[in-house]
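Could you slot chain B onto chain A? The hints should help.
One line per chain: the protein sequences are A and B, in this order. For the first sequence, position 269 matches number 269 in this note's numbering, and the numbering has no gaps at all. For the second sequence, position 67 matches number 67 in this note's numbering, and the numbering has no gaps at all.
In short, the hints are calculated from the structure, not lab data. Be a bit skeptical, because a hint or two may be false.
Claimed, not checked - For the chain A half of the interface with chain B, some residues (derived, Cβ under 8 Å), not all of them:
id : residue
1  : Ala184
2  : Leu185
3  : Gln187
4  : Met191
5  : Ala194
6  : Arg195
7  : Leu204
8  : Leu205
9  : Pro206
10 : Pro289
Glycine included, every Cβ here is placed at the ideal spot set by N, Cα and C.
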Amino acid sequence: MSGAQLSLRRRLRERGLDSVTLLVLPGVLFVLVLFVYPFLYGLVLSFTPKEGGGWLANYRRFFSDPFLYDTIWLTLQIAVPATLLNTLLSVPVALRVRLMKRQKLLTTILVIPITLGTVMVAEGLLTYLGPRGWLNRVLLEFGIAGSPVRLIHNYWGVMLSLVISGFPFTFLLTLSYVTGIDPALEQAGAMLGARARERFFRILLPLLAPGLAITLALAFVQAFTVFPSAVLLGAPAGPTRVISIVAYQAAFEQYDYPLASAIAMLMALVQVIIIAGLLGARTLLFRGPVSTGKG
Amino acid sequence: MAIAARDFRELRLEGISRDFGQLRALRDVSLTVKRGEFVALLGPSGCGKSTALNCIAGLLQVTGGAIWLDDRRLDELGPEDRGFGMVFQNYALFPHMTVRRNVGFGLTTQRRPKAEIDRRVDQALALVRLETQADKLPGQLSGGQQQRVAIARAIVVEPPLVLMDEPLSNLDAKLRLEMRAEIRRIHTMLGCSTIYVTHDQEEALSLADRILVMIDGQTRQIGSPEDLYSRPAHADVAEFMGYRNLFRSRAQTTDDGIVVAMSGARLLGTPMEAVGAEAMVAIRPDDLQPRSGGPVPATVELAEYHGRDFYALARGSDGTELYFRSPLRVNPGEMVRLDAPRERVLVYAA
Chain A
1 MSGAQLSLRR RLRERGLDSV TLLVLPGVLF VLVLFVYPFL YGLVLSFTPK
51 EGGGWLANYR RFFSDPFLYD TIWLTLQIAV PATLLNTLLS VPVALRVRLM
101 KRQKLLTTIL VIPITLGTVM VAEGLLTYLG PRGWLNRVLL EFGIAGSPVR
151 LIHNYWGVML SLVISGFPFT FLLTLSYVTG IDPALEQAGA MLGARARERF
201 FRILLPLLAP GLAITLALAF VQAFTVFPSA VLLGAPAGPT RVISIVAYQA
251 AFEQYDYPLA SAIAMLMALV QVIIIAGLLG ARTLLFRGPV STGKG
Chain B
1 MAIAARDFRE LRLEGISRDF GQLRALRDVS LTVKRGEFVA LLGPSGCGKS
51 TALNCIAGLL QVTGGAIWLD DRRLDELGPE DRGFGMVFQN YALFPHMTVR
101 RNVGFGLTTQ RRPKAEIDRR VDQALALVRL ETQADKLPGQ LSGGQQQRVA
151 IARAIVVEPP LVLMDEPLSN LDAKLRLEMR AEIRRIHTML GCSTIYVTHD
201 QEEALSLADR ILVMIDGQTR QIGSPEDLYS RPAHADVAEF MGYRNLFRSR
251 AQTTDDGIVV AMSGARLLGT PMEAVGAEAM VAIRPDDLQP RSGGPVPATV
301 ELAEYHGRDF YALARGSDGT ELYFRSPLRV NPGEMVRLDA PRERVLVYAA
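This is chain A alone, in the form it adopts within the complex (with noise of 0.2 Å):
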């Protein structure tokens, strides 16, 4: 064995890769073949459309069509308000349910409509909120709606949907960054005269934000690429035609994948954009360990 050899292996090492190091190649693999190349894939099928017309063929007919453009602003109607709804929601009750003794029972009960799946919940919704559902009927017997109140097959159905199922995620997220935040320090802030509203926004909030802006940054992704409830509770040829239905219309229905491409290449670059936005915000904020102490 020679010495430069030797010496090529003792400078990779220094710089942090040995043997140990090859374990990431399948991991590697995996990215290259389940993402990397089907994303590569559909944005060149993008580029090449079905009916000619050059190479931005796609994107032109999407932005000269308001059926298929509309879908952005439409989705992002849904998207937004229930993430900012979601996210919102779950910093009070985490902050309540921190100091909770059976934290793990209420946990528990908050995540199982993420373990039912939005097919499961939106069935559910379908008979519980239908025109015969059980709310209904309660409004009408007691007369506190004079006919029975919409609440499928329209935006709401779709919203109440995102929430069920949307809320578990984003509170169990936001329960972890607001554990993660050491009980003296508001006790801290509370011995120098802040009452609990000074004490959330010049304490909690601070070092709650980029915790925030993490969860926002999940929550929309999983908001704006809402599909089963799209279909099963909204109104999908309507207020509820969301940009991921458009996509599958047009794999599925017209078979032309090309556009269905372009346009999974316009929600991607949406949910680029937003997330981009607020992961740029987070570098303004703090973001330092949130526990004080010798470390």
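Chain B in isolation, oriented as in the chain A frame:
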């Protein structure tokens, strides 16, 4: 110095108690702290001393008793309204604020004008000798510096009472000695009262004017450091105060005083409470010394060199373990005859 404690006469705890469900963490603790006094709450871990401090701070509600600052009743107020300063064990500095904003937090809460905040923060930082670190974040400071920031933050609002919860336990030994002197200096300079929770008897002895020893949520003894060091009121206090030789013995009251049996020999002692035929004998290792013709024979088992003297473990003829100090070298296996002055052999009820 412009920072000075707000004027008051005394803080009174009147039989405060705190239960956690079935657990009675704090039972009927009474204490009066005068202005300018430094009181240490001393006890083994889990004895309720931190609970007591949190009750005084208002971070825990008392389940019985009352807390008074002069004629103002405090126990129904929240921590925001009591106006005490507190130094936490882990410092609890706000990690996202600079040192300056951490220290100024309490003044900002009081909506003081900015110029006043700046001036008083500067004074507080000068007091803890951290002027040059004002614009750093807590994460960039060492443990000792963080501790100073925590102290500055607690005193800048000029509280009548400063509460400290084991503030030195996260520091290394050298820094602990330094900060101990610092805490005492700041306390004297401000003229505030300080209640200081610790499990370290040396810390309590060196800092406090008065020490409250707490065991199992109850007050066992309140007294000056000298009282506690040389005259513990009960055997369990003696054990906690470093009376390493603590054993059960027969006791006999004679004309000369009380006589106890130790390792088969007889030793004169001083009764600390009413004693029956059975007693607990407590002797500090410093008070037990080898002397030619001493009454207690023992064989040395271990000897540690401590610089000025030797600290040794010997076994008496009946198997009793005896810890003692010797100015002269002793070696394992050596026979010694130990003796202790009568006033340093403390005898308690068994």
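Structure-based check of each hint:
Taken as an interface hint, A:Ala184 checks out: its beta carbon lies about 4 Å from the nearest beta carbon of chain B, inside 8 Å. The closest approach between the C-beta of A:Leu185 and any C-beta of chain B is roughly 5 Å, which is under the 8 Å cut-off, so the hint is satisfied. Hint on A:Gln187 holds. Least Cβ distance to chain B is approximately 5 Å, under the 8 Å limit. Interface restraint check for A:Met191: the shortest CB-CB distance to chain B comes to about 4 Å, inside 8 Å, so the restraint holds.
Hint status for A:Ala194: holds, given a least beta-carbon distance of 5 Å to chain B, under 8 Å. Taken as an interface hint, A:Arg195 checks out: its beta carbon lies about 5 Å from the nearest beta carbon of chain B, inside 8 Å. Taking 8 Å as the C-beta contact cut-off toward chain B, the hint placing A:Leu204 at the interface is violated, the least distance being around 10 Å. For the restraint placing A:Leu205 at the interface with chain B, the shortest Cβ-Cβ distance is roughly 10 Å, beyond the 8 Å limit, so the hint is violated.
Among the interface hints, the one on A:Pro206 holds; its C-beta lies about 5 Å from the nearest C-beta in chain B, closer than the 8 Å criterion. Taken as an interface hint, A:Pro289 checks out: its beta carbon lies about 6 Å from the nearest beta carbon of chain B, inside 8 Å.
Comparing the model with each earlier hint shows violations of hints 7, 8; every other hint is respected.
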